[in-house]
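> Could you slot chains D and R onto chain S? The hints should help.
The listed protein sequences derive, respectively, from chains S, D and R. Going by the working numbering, the first residue of the first sequence is number 151, and it counts up by one from there. Going by the working numbering, the first residue of the second sequence is number 3, and it counts up by one from there. Going by the working numbering, the first residue of the third sequence is number 539, and it counts up by one from there.
There's no promise every hint is true.
[To be verified] Over 10 Å on every C-beta distance to chain S, these chain D residues come out as not near it, computed from the model: (1) 456; (2) 554; (3) 569; (4) 652.
[Claimed, not checked] Partner residues aside, some chain D positions facing chain S, computed with beta carbon under 7 Å: (5) 375; (6) 406; (7) 432; (8) 436; (9) 439; (10) 453; (11) 540; (12) 543; (13) 547; (14) 549; (15) 558.
Because the hints were derived from the structure by calculation, they are not lab data. Here the structure is a predicted model, which means the values were calculated and not measured. We treat Cβ as the ideally placed atom computed from N, Cα and C, and that holds for glycine.
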Amino acid sequence: MALLSALAAQLLHITLMLLAAPLVVGVTRWLKARLMGRRGASPLQPLRDWAKLLRKRPVLAENASVISEAAPYAGFAACLLAIALVPSFAQGMALAPLGDLVLLAGLLTVARVALALAGMDVGTAFGGLGAAREMSFAAFAEPALLLCVLTFAILAGTTNLDAVAVAMRDGGLGLRVSLALAAVAMLAVAVAENARIPVDNPATHLELTMVHEAMLLESSGRHLALWEAQSALRLTLWLALLLAVFLPFGTAPAGSGPLAWVAGLLAWLLKMGALCLALAVFESAVAKMRVFRVPEFLGAALLLALLAVALLFVSTGLA
Amino acid sequence: MLTALALGITVLVMLAIAAVPLGRHSHGGAIIHGGCLLATLFLAGLALAALLAGPPETVMALPFGPPWGPALLALDGLSAWFLLLLGLIGAAASLYAIGAGPGPARALPPYPLFLAGMALTLAAADAFLLLLGFELMSLASWALVAQDHREAENRAAARLYLIFALLAGACLVPAFGLLAGQAGGLDFATLRAAPPDGWLAGAVLALGLVGAGAKAGLVPLHAWLPLAHPAAPSHVSALMSGAMTKIALYVLARLLLDLCGPAQPSWWGVPLLAVGAASALLGALRANMEDDIKTLLACSTIENLGFITMALGLALAFRGADLGPLAVLAAAAALLHALNHGVFKTLLFLAAGAITHGAGSRRLDRLGGLIHVMPVTALAALVGVAAAASLPPLSGFAGEWLLLQALLAGWKVADIAFQVVAAAATALAAMAAALAAAAMVRLYGLVFLGRPRSPRGAGAREVTAIERWSLLLPAGLTVLFGLFPGLLVQLAAPVLQLLTSAAVRPPASVLALTTAEGASAYYPLAVALLLGLALAALVLLVRRRSPGATQRGPVWNCGFIDPPAHLPFGDPLTQPTAGGIAQPLRRMLGGALLAAREQVEMPSPGDPRPARYEASFRDPSEPLLLAPLARLRDDITTQAERLRAFTIRRNLSLGFGLLVGLLVLLAWLEAR
Amino acid sequence: MRPRHAGGVPSARCAWGHGELTFGQLPYDVAHLLGGGMLLLSFMLLYQRRIAAVINALAMQGAILAAAAAWQGFVQAAPQLYLTALIALAAKAVLIPLALRLAIRRLDLHRAAETALGIGPSLMAGVALVALAILVVLPITAGAHAIAREDMALALSVVLLGMLMMITRRNAILQVVGLMSMENGLILAAVGVTGMPLVVELSTAALVMVLLVVAGVFVFQIRERFDTVDIGLVEPHRGEQP
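Extracted from the complex, chain S is given alone in its bound form:
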């Protein structure tokens, strides 16, 4: 019975995430448009775009290899598995034992490598440029993320995401400076990993300033739809991860019934909406930075995470 309930929660969670992904992107875009005084497209617009793209016949470059065709699927599958591991409305889902934070980072690397290889497949200048920059940024984002994971591992005693979320919710950890610093570091990593302002502009059409979009220039039809959907999924994943670790309040505990799930779902939707609003406000308020300032931005995140860990050592070593 417990297994069935965990399985049901898992399936519901995956469905929720698949539904939430286009909405998160759509709502953020809509909010940004409103903040800038425009009417903005409907929050459902990403869904419509993808449906349209799916129906179109993809055009591949003459020298495109099988990588161009396979990479969108591989990247999406890795993202889908990763997002299935991040708890949303309930804890103790069927895949929770798999949900290791290091594995999560690995799966996101799979998606990133797939995207970079697809960008280099045709041998165009923009694809190579985007791939090189994307992989280079990861060299700074990854250690910052791992140090945040170290903070959680010290506080919760494990790197299992579900257990970390449980510890954060009812471990009585209190408000800690380390956690605040780790949260800032993780936000910076999330911004960089999702190619949002100020690291990259998700809406740009100016080739020289883009990183993420530069790798998708040769994709069309279903491949483009898959890439777009994957990037929406990744944004949802990071927001859900931030919620699960830093704001786990209201989430239904493991083994609880559908009523708690509904409460958890409502709480999650509320938190997600607030986070989308915060993202939209932040993106409207800041400007995109030069590409070679990004290492400084992520390096600062890395140092903050290191500081968080060091402060944690101090407070654990006090006795």
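Positioned in the frame of chain S, the structure of chains D and R alone reads:
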């Protein structure tokens, strides 16, 4: 079993002798390499049997040896684990060598000798035989590096390699000598019974680290590695990178974790951790700058050896702090990553050989688009590249997962200095892993994707069937080891016990790797199945909604105009180059760590010269280590030159003084 | 039944043994978090390149300082701290930033800040200084409460980062900002200690106001004389040279 082991090594030596007359024969290469293939497979089988059935307890005395006693041969868990690694890599490399066709005749005899030296180092049960095997391995591999000696850079590489090999020997002999002098015997049992302490232990640690580190190519003693590996033929590079450097780490583990006893303090791990982290970062960063495939792979080897050394250091530190389960976790990370790296790096070096063979160049800027003409090589290389980029669920990720879990538990050592070191090492390891992923994407993207960059590259063709199989077999092993790392760690259980002296269950079940307390786990098979499931569902779903066929059209490239008709593959210059892909990391990290520079030389208007852009970097070990040493050597030579001006009487007095000095030493020693 | 994970928090906390004043108690948590926020903003000051953004961060730091003082007043039931909070809010979060902004406009300084040390190295130096502060404070305050010790470490870090900012920035305005941030750290340390008389704080604040005025006059003087506020260009005019 020991008799069989001795037989295997003897067969390899016999093959080396037979290679001298057979070298001129047209099928000589195939016969010798075939023999090596069988012998290495036999050794691998032997090692597997020893690991499965428990290693033999006995020690075999050989009928020869140093004047004071017979040489001893044994096979315990640690030797068996590395022998398995050597067998697998040797088999793949020998198979490739059969397919690649005969090289020069003089390169044939050292090859079996190289294998025999490595096997002898592993099988030795006393310090004399171990050092004998180690030096045999060094000299045979030197002969292989120097085989193409007509090119000046190969000669320079071989010379540098010989210097570092001599340094390794010169440090390891006194390290074992100090141990033996105190224990009163050379065999491992006697050495183990009398663990060193005080300054002696510190000296053994320093000498062992320098000696094994010079042979393994750990920073700052790595200068030879990116030069020597490309100079050797590809199957030898694979052996050197996959097996020989691991043998050096085997000696390090044998010396520091086994022979020095379990009572060494916790800080012993710190030098290993620091050296490992520096190697990982520098190797991974350099791999992003190099534009020769084999040099790039050699730098990636430095990075992975750094990871293994970090794991060994953590094992030492945890053992010293009485954290048995964590020590086992770290040691498991070292063993698993050693095996996995050996296999996937062999695959990648053999793929580099296949590329050189099929497309005629090793330079990234002369290749491109090979996935169309070399599909099998491209597939095998994709597996290797993905493993080297540590992507789940392949084998590279499994070892790294264990290593990161061990690093993330570093705070449990109750010493704030070590905690901070471990946290910094965690960040460096993560950065090195991300840099490795970037280097591997760069390698694959430039070599196999895009368009050909040279006419020779455009006319590339797939390699022979034997070469393809020699690539596909390690590729299959990489996938298999990636899916069942838990089985491998369980197989290594006796080794873990030997290394950490802790009777703890290995951190693994059949399907999973776990952390020390089992609080978190990694299930590679489940991950692979779920990924497959997601992929299948996705393909079905998308294919139902989307038109089946794709259409081919010219490259969009933001509306960049089509190339002229005389350039069927487009203008190669419009593709990103190796230097171009390296640019972001060169600017972000290269300037600080590798003294990377970029120069643009723009002629004034009206000047017909082309504009030039130059990017270069310099390894820090060159100005900081090699140049002062070279100066020191020159100074010493100048001093020594003065001896030649001595008169006969003074020369005689030198010899006389030495004799008297030795006699005084003898008298002093006898008086004690 | 909520499953507690093995090796999770409860056991870990027992092992650390904070005594009676541990995390998870609201008064200390909030005070601690506010101190951490000030440290974070000190890093923001080091990280930002644009002068306007630096001044915004300074204003924010002042506001957090006011909040920290008010919270301490509430926790310690010391009404004089509310006054400190009010002064901090008025002076540091509103007036001084306004004055600085005015100065920027008068001096026409909308450019990026010139740094003597790059952003990356100065951030690394900042982390090293925080580590130093921790190492210094922990042994000295061995008898004090765990949380007070960490707060002292945070306050000292803010002071040191302010000094670092003064050293690594060429622009005179940014040096004033560094000074202000340093003083914020001092006040943070002062409000955290129970029973600190109000006089001390007021005098510190007044002192810094005077310093600020002096610095402001100085900036305008430099500007008039040398047409720049880059102190690197002022160095040769030190008068010691013949």
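> Under 7 Å is the threshold here; is the Cβ of residue 558(D) close enough to any Cβ of chain S for the hint to stand?
This hint holds: residue 558(D) lies near chain S, its Cβ roughly 6 Å from the closest one there, short of 7 Å.
> Using Cβ atoms only, decide whether residue 439(D) comes closer than 7 Å to chain S, and label the hint accordingly.
6 Å, holds
> Would you settle whether the hint for residue 406(D) is holds or violated, based on the nearest Cβ-Cβ distance to chain S being less than 7 Å?
At about 5 Å, which falls below the 7 Å cut-off, the nearest Cβ of chain S leaves the hint on residue 406(D) intact, so it holds.
> Was the hint right that residue 375(D) lines chain S, CB cutoff 7 Å?
Violated - the Cβ of residue 375(D) stays beyond 7 Å from chain S, reaching only about 11 Å at its closest.
> Against chain S, run the beta carbon of residue 436(D) and see if the smallest gap drops under 7 Å.
4 Å, holds
> Hint validation: residue 540(D) versus chain S, beta carbon distance must be below 7 Å. Holds or violated?
Given a least distance of 5 Å, the restraint on residue 540(D) holds.
> Minimum Cβ distance from residue 543(D) to chain S below 7 Å?
10 Å, violated
> For the restraint on residue 547(D), tell me whether the closest CB of chain S is nearer than 7 Å.
5 Å, holds
> Beyond 10 Å on every Cβ pair: is that true for residue 652(D) relative to chain S?
The assertion about residue 652(D) holds, with a minimum of 61 Å to chain S.
> Quick one: work out the minimum CB distance from residue 456(D) to chain S and report holds if it exceeds 10 Å, violated otherwise.
Label holds. Min Cβ-Cβ 13 Å, cutoff 10 Å.
> Go through the hint on residue 453(D) and say holds or violated, using the shortest Cβ distance to chain S against 7 Å.
4 Å, holds
> Determine whether the non-interface label on residue 569(D) survives the test: each CB of chain S must be over 10 Å from its CB.
For residue 569(D), whose nearest Cβ neighbour in chain S is about 13 Å away, the distance exceeds 10 Å, so it holds.
In the structure shown, a violation is registered for the earlier hints numbered 2, 5, 12, in ascending order.
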